[in-house]
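Line by line, the protein sequences are chains A and B.
Numbering-wise, numbering that gives the first Met the number 0 puts 440 at position 441 of the first sequence, and it's gapless, one number per residue.
Numbering-wise, numbering that gives the first Met the number 0 puts 330 at position 331 of the second sequence, and it's gapless, one number per residue.
No wet-lab data here; the hints were simulated from the structure.
Among the clues, some could well be false.
[Unchecked claim] DSS-like, lysine-lysine: derived pairs with alpha carbons at most 25 Å apart:
no., chain 1, residue 1, chain 2, residue 2
1, B, K283, A, K359
2, B, K283, A, K380
3, B, K283, A, K416
4, A, K55, A, K286
5, A, K359, A, K250
[Said to hold, decoys possible] Chain A stretches covered by chain B per the calculated footprint, using a threshold of three residues with CB under 8 Å from any CB of chain B:
no., stretch
6, 149 to 158
7, 335 to 346
8, 352 to 360
Backbone N, C-alpha and C define an ideal beta-carbon position, used for all residues, glycine too.
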Amino acid sequence: MSDRAVSGALPVLEMRGISKTFPGVRALSAVDFRLLPGEVHALMGQNGAGKSTLVKVLTGVHPPDAGQLLLDGVEIRPQSPLDAQRLGISTVYQEVNLCPNLSVAENICLGREGTSSVAIRWRAMRRRAEALLDELNIHIDVTAPLSSYPLAVQQMVAIARSLTAQTQRGVQIRTRLLILDEPTSSLAQDEVKMLFSVIRRLKAQGIAILFISHFLDQAFEISDRFTVLRNGHCVGEYPVASLSPMELIVKMVGKEIADVSTTRAARNASTARATRPAFLRARQLGKTGSVTGLDLDVLPGRAVGIAGLLGSGRTETARLLFGIDRPDRGSLEIEGTPVRFTSPLDAIQHGVGYCPEDRKSEGIVAELSIRENIIIALQCKRGIFRGLSRARQAEIARSYIELLGIKAHDADAPIAKLSGGNQQKALLARWLATDPRMLILDEPTRGIDVGAKVEIMAQVMGLCDNGMAVVFSSSEMPEILQYADRVVVLRNRTKVGELDAAVADEQQVFQLIAGG
Amino acid sequence: MAFVRRLTARRNFWAVASLVVLLAYNLISNPHFFSVSVRDGHLYGSIIDILNRASPLMIIGMGLTLVIATHGIDISVGAVVAISGAVAAAMIGGELVLSGGTGMEDVTRYPLPLVITGALGVSLLCGMWNGALVSMIGMQPIIATLILLGTGRGVAQLITNGQIVTIYYSPYYELGNGFLLGVPFSLFIVATVAIALLLLTRKTALGLFIEAIGINPVASRLAGIRARTITFAVYAMCGLCAGIAGLIVSSNVKSADGNNAGLLFELDAILAVVLGGTSLAGGKFFLFGSIVGALLIQTLTTTIYAAGVAPEVTLVVKGLVVLAVSILQSERIKTVIGADRRKPAP
């Protein structure tokens, strides 16, 4: 360890003006980031804020377009994760990517210093693994296979491995910086405590820790400082004590809010509020391991916005309502009739449509044409033996391509060739073609450009004005308040409040999200 | 040039091209290759022979195409061929009754329609068994169908009591050896299966749903496709196709051999499907392509024999040709040739 690092004043790592652009998306714009020795620094931000891109720049996965990386004041340019490791930058990911069928000792030592290239010195390896785990206050049998231990222990093993000294041309390099990417997301409460005690030990050894988690309480508990990212910009760097959870959320979610008079809720509030019966009514709907205790009324011609942080249960709610996950408690009614959806097709038959958050893996069928992707849900609704003729398909596709302004020169081209925004429009077309009574949109504007965002929401809201019920979720608070009539707030996979968007302000929503 | 590009970009271009080349080679080496003569009101000739011999493979290939399109596989088709033949032979009875020195008398325990229904019914059950393992239990297709590949021949032998049962019932011979309007009867069977499958997959939404499941099962389910039911049905259909092929094979050789009927058919069938342009990764499928693939394999076999290649190197020559076609079809080669240079839309 060098003298400078222990002095404490100089940052271990400094990232200056980092920019990174992917085709169509500016992932990072001139982001500054500093990490001091012996500190736990939490990187906070919503989905798509740029956290993972920043980490990938740091670990050499993506080279930055602009900016500098300084390690102990010396400029570095990691070319690959292995390269970063040789510089002393180690990463432990959410999913433990070790070999479950190998022993703990093998997992820690293989490919590392201590193994000769010719033969493996088993006893030395075992001793070394034990010593490393002792340092972390973990006492386990290192000859047992990794898979025989709970996930938390596996994570410790991953951490221990990341700490083992790297060698390059005989020179040992100590780990200076440890990145923990969502380390707690699959851990139980007491396992989190165990992890935190390990983190504190490492901190005491002067290792700088970059901590990423979407659990606010954990970030507050373990961190010394926060850096907040939003839309690829650095919002700021704050000592933990200087922020309340709510202030942090405001910084993460963004405060700029559309002029209140133009929000949908305000407009609808001024019109006489018809007391129509709910299209969908859920009472104490829930499923073990998913959301629980969900009460929800969705009225025709009204939009419900679902707000909450990542992991709060937004997607799970949508999945329950659409019959993807089967609820094991509570009740669901469509227009006053109790229903039990056993598959998405059931929900479709009842006039419900669903645009998933993950467009690529759950939405589009990539190699099928735009036309086929548009008509597929309608075809399912009609049934397999009432095939739509090719001409009818083309007609439906053409009309929606026009209506939604999908930029496609050929409806028979594979949908994968469209841009993200146009793919999302095509998915919207898929559901509009089924003439839905209610549309569930999970993060409909995620990862698409601003223009397409506005167009899509305008279309959906137009349909909503004509009597369609809408449930949508968004990480962007301004979007929720602009488009929703009612705001449902989720936290820890349960509903914690519901507000009338016409009278609610963002403070109230933030308060509910943060649990204050 | 653009025309050539469009042509070579077609998924089954190289299979068709290879078939054409093979046929041309045959024509040069044997000017009578394409000549078809009429004997006893029946068509005779090398081409007719190839078509006739390829018919079991064409039928199995079409059934397997649908399975492969769902990103599945069925390696039990050869075993089902044996089971189907065994059931048919067992139901006919295998009894030789000589009639007054002029020849055998046609004796069967059950009427022919019932024999065919029985054999196809059992084959359909085999397919449904595979389908149930894959779609309901969620077993990996190759493992699920490996079970029937292994036990199927045992079942076939159980049905025939471990004997090779000779069929002494001439109406049954018509399936694989007969002629209708001068054309081999088996080709009518192939045409019937092809038309039925084409109508079923392209006039209903079945084809679209099969392709969607093969490409993205999760998104397909969310769009409302009942993936399990369709997967089940596809394996059942594949079993049925193998059963039909089994009838033709046993009729051809006038016997049911549980051990050898349809042996290694699964390999040729997979090859026919892949040569025909359907990817083992699932998705877009080409029934016509699989027919071409089957014809290519049969033409190759016939050509090798006709060219006087020693029997011991036949398989090697066959393998080399298949290798060449597969290389030409691979994505990387396509990019090199520039046939697939369509740019994504902005």
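Verification of the hints:
{"no.": "1", "hint": "B:K283 <-> A:K359", "result": "holds, 18 Å"}
{"no.": "2", "hint": "B:K283 <-> A:K380", "result": "holds, 22 Å"}
{"no.": "3", "hint": "B:K283 <-> A:K416", "result": "holds, 17 Å"}
{"no.": "4", "hint": "A:K55 <-> A:K286", "result": "violated, 35 Å"}
{"no.": "5", "hint": "A:K359 <-> A:K250", "result": "violated, 29 Å"}
{"no.": "6", "hint": "149 to 158", "result": "violated (count 0)"}
{"no.": "7", "hint": "335 to 346", "result": "holds (count 3)"}
{"no.": "8", "hint": "352 to 360", "result": "holds (count 3)"}
In the structure shown, a violation is registered for the earlier hints numbered 4, 5 and 6, in ascending order.
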